[in-house]
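Asker: With these hints in hand, go ahead and build the complete structure from the sequences.
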Amino acid sequence: MSAEAGTATVGERVWVNRALGGLAWLVGLIVFFPVFWMVLNSFKTEADANTSPKLFFTPTLDEYRHVTESAGGLLSFSEAFTNSMVIVLVSVLIVLALAIPAAYALAVRPVHKWRDVLFFFISTKFLPVVAAILPVWILARNFNLLNTRLVLIILYTAINLPLAVWMLRSFFAEIPKELIEAAEIDGASLRGQLTSIILPMAAPGIAATALLCVIFAWNEFFYAVQLNPVDGSTMPIWVTTNVSTRGDFLAKLSAASVLACIPVVLAGWLAQKRMIRGLAMGAIK
Amino acid sequence: MTGVRYVEATRTYEGTDIPAVDTLNLDVGDGELLVLVGPSGSGKSTALRMLAGLEPLDGGAIHIGERDVSNVRPRDRDIAMVFQNYALYPQLSVAENMGFALKQHGVPKEERTTRVRETAKILDLEPFLDRKPKHLSGGQRQRVAMGRAIVRQPAVYLMDEPLSNLDAKLRVQTRAEVVELQRRLGVTTVYVTHDQVEAMTMGHRVAVLKGGVLQQCDAPRTLYHEPINLFVAGFIGSPAMNLVEVGEDRPLRIGEAELELDGAGVAAAGDAGGNITVGFRPEALRVGDGPLSARIRTVEDLGSEMFVHVAVDHRGDSVPLIAKMAPPFHGEPDDHVGLQIVGTTHVFGEDGSRITSSRASLRSPGAVSRS
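Same order as they appear, the protein sequences are chains A and B. Under our numbering, the first residue of the first sequence carries the number 1, and numbering increases by one thereafter. Under our numbering, the first residue of the second sequence carries the number 1001, and numbering increases by one thereafter.
FYI, nobody ran anything at the bench for these hints, they're computed from the structure. Careful, some of the hints might be misleading.
[What the hints assert, rightly or not] Output of the computed footprint for chain A on chain B, the stretches with three or more beta carbons under 8 Å from beta carbons of chain A:
{"hint": "1", "segment": "1233-1240"}
{"hint": "2", "segment": "1317-1326"}
[Said to hold, decoys possible] Calculated lysine to any residue pairs in the SDA-like style (CA-CA distance at most 20 Å, straight line):
{"hint": "3", "chain 1": "B", "residue 1": "K1121", "chain 2": "B", "residue 2": "E1110"}
{"hint": "4", "chain 1": "B", "residue 1": "K1134", "chain 2": "A", "residue 2": "I100"}
{"hint": "5", "chain 1": "B", "residue 1": "K1103", "chain 2": "A", "residue 2": "I100"}
{"hint": "6", "chain 1": "A", "residue 1": "K177", "chain 2": "A", "residue 2": "K273"}
{"hint": "7", "chain 1": "A", "residue 1": "K113", "chain 2": "B", "residue 2": "E1014"}
{"hint": "8", "chain 1": "B", "residue 1": "K1132", "chain 2": "A", "residue 2": "E178"}
{"hint": "9", "chain 1": "A", "residue 1": "K273", "chain 2": "A", "residue 2": "I215"}
Where a beta carbon is used, it is the ideal one built from N, C-alpha and C, also for glycine.
Answerer: Below is the structure:
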């Protein structure tokens, strides 16, 4: 009898597992559907996109050609793309250059009151962005930085730095202390310890951090639209310039959105393996 | 050539008043293998890390050879260390791991390769030179860690429980290899372990620490036969020494039986006031006929020797004792037997220090003394 009960329980568990798996798929598909629809729309003509939902159609690249060729508003695709690339890459490089030594000082050789320092870093994230925009705008205006790439480089560096320090600190803290001590005894200078032991070991973590910073900087909209509405604008601003009040625009907007998504999706896909290893670094040891 | 000297070396960790290592004075001779042993929290690892330069000194000094290295950076101390978890650089191959220190010290590549190969040959690591540490077994990793230290040809080796991650059989084998290698290379070595068997089998001398204070530093044989106090007596030796608190009564008694010391021991023990503890090794206790009645608790048969655990009634308590007997021994749990002491007995005073050691025996109360 007990054997029967046992079988029944196992059978029940299999059924529950299948149901949960199905539910997960369903939720995943629901979440993914708008993205799928956007991609689909970007390959339609405006006429197809604006009629009642249509799954089968003749795909066309017209809207892609359209958005990249014409400067829909004041901002052209190539201009926005270049701006975004420069601003994101420069700001992320500066973030890493500042965050790596900071994380070392907080994790490997904790400075006095390192917990307070760490809290201070994250506390800068408490303030709502909207509350800071006016002083930031006035400062930018007074330093003649409005509508320049530089202002966004500075802001994106500042926005991402606390996050990067926190993440890198936890990755560095995972490196066994004995390894650094062994390197120290073996004659490695501080630079030698960093370049030959700490950085190679934390590479997945550094990649994960850099990628998150790239994603946040690439997608940032609020500061960009407030400070650089004319020049030095980025891809998110460019996407909005394709919103037209004159008639049909759904396919065009979809194409613009897909183009804005491609670089981060691509970066995420390329870095996927490292990133997951990095984010799971604490779990595997 | 190069010895090591701790002079009043002290280290107190932040947030505590009790020193982890308290005014340590210790001389390690040139070419000597000195083992620091003690239970956890005894300060043995801290003492080693102070010598490595990984812990700063709060007082005193440490000399390597003639040089005061108290304020010298680890990399300038001319030492090599083997860590408990080996601390191999995971992203480097075995050869790169072994050559890392040489590279940092600017040794040319050719010489580096030659030296790594020579060392790998000594340690049978040649087939593994291109492998990453994660593809090695525990024993091989341990040898790489040793190799990394040896290849540098430093003035002093520091070893922090390097065998504790190996399984029991490999540990015994590696223990002998390390001793042989150290003798061949003749380099001064400070070796930390919590395992007193490792300490006794490996060390030319063994320094026993407790609570950051050096208890005794002597040859293994001396530690075993002439422990300076109760702590060393109880810590060294496996199974541990039988220690029985006999109180302030004279003559000294265990249970009903009187303890009769030989020669000078009588006078010394007689003069000592206060609460006295006597100790005798398991091999000094004979189970069979004797004036001290006991009950067998259990018998451990190791083939070459047998450990007989017995309980005696002593001052209202049941006190456990262990006897080491040569087989054959025929006794079952709950058998009533008589005990006799046939070897050296140590007498410890109230403060735990050893007052005297002499041959002793037990006799029934009222029986005529042998002397």
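Asker: It remains to establish, for every hint, whether it holds in the given structure.
Answerer: Checked hints:
{"no.": "1", "hint": "1233-1240", "result": "violated (count 0)"}
{"no.": "2", "hint": "1317-1326", "result": "violated (count 0)"}
{"no.": "3", "hint": "B/K1121 with B/E1110", "result": "holds (17 Å)"}
{"no.": "4", "hint": "B/K1134 with A/I100", "result": "violated (27 Å)"}
{"no.": "5", "hint": "B/K1103 with A/I100", "result": "violated (25 Å)"}
{"no.": "6", "hint": "A/K177 with A/K273", "result": "violated (26 Å)"}
{"no.": "7", "hint": "A/K113 with B/E1014", "result": "holds (13 Å)"}
{"no.": "8", "hint": "B/K1132 with A/E178", "result": "holds (18 Å)"}
{"no.": "9", "hint": "A/K273 with A/I215", "result": "holds (16 Å)"}
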